[in-house]
Amino acid sequence: MYEKSFPFVHLQDNPCLGGRVNLVSVNPTSYERYYMSRLIKLAAIAGASALVLSGCAGAANEETATESTLSGTISGSGASSMGSGQEAWIAEFQIANPNVTINYDPSGSGAGREAFTAGGVVFAGTDSYWKDEELALEFAACAPGTKPWEFPVWISPIAVIFNLEGVDSLNLDAATVAGIFAGEITMWNDDAITSQNPDLDLPELSITAVHRSDDSGTTKNFTNYLEKTAEAIWTAGTIETWPTEYGGEGAKGTSGVVDAVTAGNGTIGYADASKAGDLGTVAIKVGDGYVSFSAEAASKVIEASSLVEGRESYDLAYKIARDTTESGVYPIVLVSYLTGCNEYLDAEVATLVKAYASYIISEQGQATAASAGGTAPISASLREKAQAIIDAIK
Amino acid sequence: MSSQAPVVKRRIGDLVFSNLAIGSGVAILVILAAVAIFLFAESVPAFLSEQDAAPDGFFAYVAPFLFGTVLASIIALLIATPLAIGIALYISHFAPRRLSQALGYSIDLLAAIPSVVYGLWGMLVLAPFLNPSYLWLNENFGWIPFFEGPVSATGRTMMTVGIVLAIMILPIMAALIREIFLQTPRLHEEAALALGATRWEVIKMAVLPFGKAGIISSAMLGLGRALGETMAVALVLSGSGVITFALLTSTNPNTIAANIALQFPESSGTYTSLLIATGLVLFAITMAINMLARWVISRRSEFSGAN
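If you read the sequences in order, they're chains A and B. The letter at position 9 of the first sequence is residue 9 when you use UniProt numbering, and the numbering goes up by one with no holes. The letter at position 284 of the second sequence is residue 284 when you use UniProt numbering, and the numbering goes up by one with no holes.
Source of the hints: derived by calculation from the structure; they are not laboratory data. Note that beta-carbon positions come from the ideal geometry of N, C-alpha and C, so glycine has one too. There's no promise every hint is true.
Claimed, not checked - Per label pair, the in silico range of CB-to-CB distance:
#1 B:P55 <-> A:A136: 25 to 31 Å
#2 A:D168 <-> B:P55: 41 to 47 Å
#3 B:A284 <-> A:T235: 58 to 64 Å
#4 B:L120 <-> A:M187: 29 to 35 Å
Claimed, not checked - Far from chain A by the CB rule (all over 10 Å, computed), these chain B residues:
#5 P45
#6 L176
#7 I215
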């Protein structure tokens with residue numbers, strides 16, 4: 001009864017293989033058929049179709065292969081915040097350069113920097129720039145005595161989101177945001193809030209401030225903003241773990257915070273701007289005006305910030321100007337850096353890192369990141385500086 | 001019949017089987033020892049290092065999480081035990097045969113749902129659904145410390161966690177208790193009926209006393225699962241490091257397992273060791289509870305009527 005249906009794979013005029021292909025030309029005897037269980041047949045068919053698919057992908061790759069002469073494998077690790085960006089970058093870069101394999105392990109910023117120092121990976125992503133004591137170490141992947149470069153490649157705005165019936169946008173200054181998250185401002189009709197939003201009719205409703213219950217770079221950057229702009233109210237400093245005495249509600253991960261804010265009434269939280277969805281967002285007071293988050297406003301913060309003093313010219317570590325008063329700048333951002341060696345032990349690795357890093361900071365690479373993670377693209381002047389660093393890699 | 005002793009023939013099958021059985025028995029001990037050694041070895045740096053991961057000392061760090069773990073499990077057990085007994089009794093003694101089979105299957109199905117699904121369901125569906133009743137409880141019974149305000153705006157509270165955990169341990173408890181009730185000696189039940197007992201009296205006099213040890217051991221199994229449950233708690237609970245009996249607020253003590261799951265990915269150095277040390281505490285507590293259960297069962301078995 002299976003004679004006609006087995007083998008299933010008759011590929012005729014297959015478009016990607018360009019002709020008639022008989023992959024499976026098995027003609028089983030009745031004895032073999034008897035012993036061939038359904039399962040084995042299924043497996044055989046699955047295997048055959050996998051062959052067909054991979055054959056097709058291989059053929060597609062070969063067409064573009066003419067342009068690229070790069071080949072080899074490089075591995076990086078580090079910040080999970082840019083994990084989605086790295087995935088997208090790697091996918092696009094490998095399509096353009098089919099003989100190159102790039103791996104990125106989103107194991108966390110600290111783990112990534114450690115792995116890079118030890119020579120386990122040849123580039124790393126990190127949410128915080130190299131510390132001075134880390135730079136004093138020897139870097140196993142780099143030529144003896146040389147230090148790594150770094151520059152920002154991932155600028156992700158953090159939105160302050162809230163759920164309050166009938167309210168879409170709210171104006172708040174840093175002190176009020178700090179007061180809310182520190183548990184000092186507990187009602188929506190508190191004077192501190194109403195005085196900044198005279199047009200809104202705010203209800204007498206208690207505020208539920210939602211924070212991340214897992215350690216995260218988002219919390220770190222958000223609390224860094226509060227520390228720098230409202231030190232008198234936010235006394236906990238820059239932290240990853242939420243202090244118990246500030247109360248509020250904890251939720252797991254970005255999606256957990258967004259869900260908790262969405263589920264409650266009178267809730268407020270902070271999350272990657274790309275995940276804010278339909279929730280109301282807070283316009284932050286900067287200088288004399290209020291700024292809502294946007295890609296442009298977030299990338300401007302790098303322009304407004306100054307470089308960390310005492311670093312080499314290839315070390316673009318920024319001291320983010322959280323307390324900037326320049327108009328139109330959104331200061332609550334997470335900035336992730338890419339870092340690698342100025343001089344690699346292996347020239348082939350250097351070539352690959354140069355190509356990949358150039359692609360990441362290119363307009364196309366930054367646009368890819370924007371669609372993958374809702375980030376703000378780096379500015380043209382930063383791109384110029386970063387490209388000069390990349391060109392000097394040996 | 002020959003008077004000679006039978007010649008013992010060691011067949012290959014016997015040999016293989018006995019070695020396999022011994023090997024399996026030893027494997028349990030080896031695995032347990034391996035886990036215990038891992039926990040001990042990895043948690044040592046938390047106590048020896050000069051760089052202190054827990055500024056107020058290890059026990060101040062772990063106490064709220066231990067409290068949260070036990071509190072959540074007790075709530076779960078308080079809800080699940082009577083329900084499980086009721087379900088088991090209905091299936092074993094009240095339901096028509098066909099219905100009881102269908103019910104048995106659906107209970108097994110509940111046990112097959114992964115805990116992360118329970119967590120998502122608890123967070124997205126159950127918590128908002130229960131929140132109005134929490135407000136009502138707080139308004140009317142707010143003077144009881146358990147129902148103190150301010151009530152959470154999202155329902156992601158200790159109470160919700162207790163209910164989710166209760167649902168998660170219900171299947172295994174109900175299935176076990178049902179098996180035990182089905183083993184009640186027919187003669188005991190018929191004797192009770194012959195004495196003129198009603199169905200309730202039969203259950204009270206014959207079924208429940210016979211099943212008592214089984215109920216306790218199934219409760220302990222459920223407790224074991226509730227103590228170690230990680231994903232569901234991490235998703236549902238708004239937890240931090242506090243000790244409070246209030247079940248309806250946003251500020252709840254986290255559980256040990258959930259705290260490890262939340263903090264481990266970004267931890268490093270002595271903080272990692274500290275988290276593993278809290279895992280060691282959970283390991284010890286779970287073992288103590290299991291031993292207690294064994295002891296209770298062994299003490300009860302002589303009165304259970306099973307002999």
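Status of each hint after checking the structure:
1. B:P55 <-> A:A136: 25 to 31 Å: holds, 27 Å
2. A:D168 <-> B:P55: 41 to 47 Å: holds, 42 Å
3. B:A284 <-> A:T235: 58 to 64 Å: violated, 37 Å
4. B:L120 <-> A:M187: 29 to 35 Å: holds, 32 Å
5. P45: Fine: 16 Å to the nearest Cβ keeps P45 (chain B) off the interface.
6. L176: Answer for L176 (chain B): holds, closest chain A Cβ roughly 32 Å.
7. I215: It holds; I215 (chain B) is separated from chain A by about 35 Å at its closest Cβ, greater than 10 Å.
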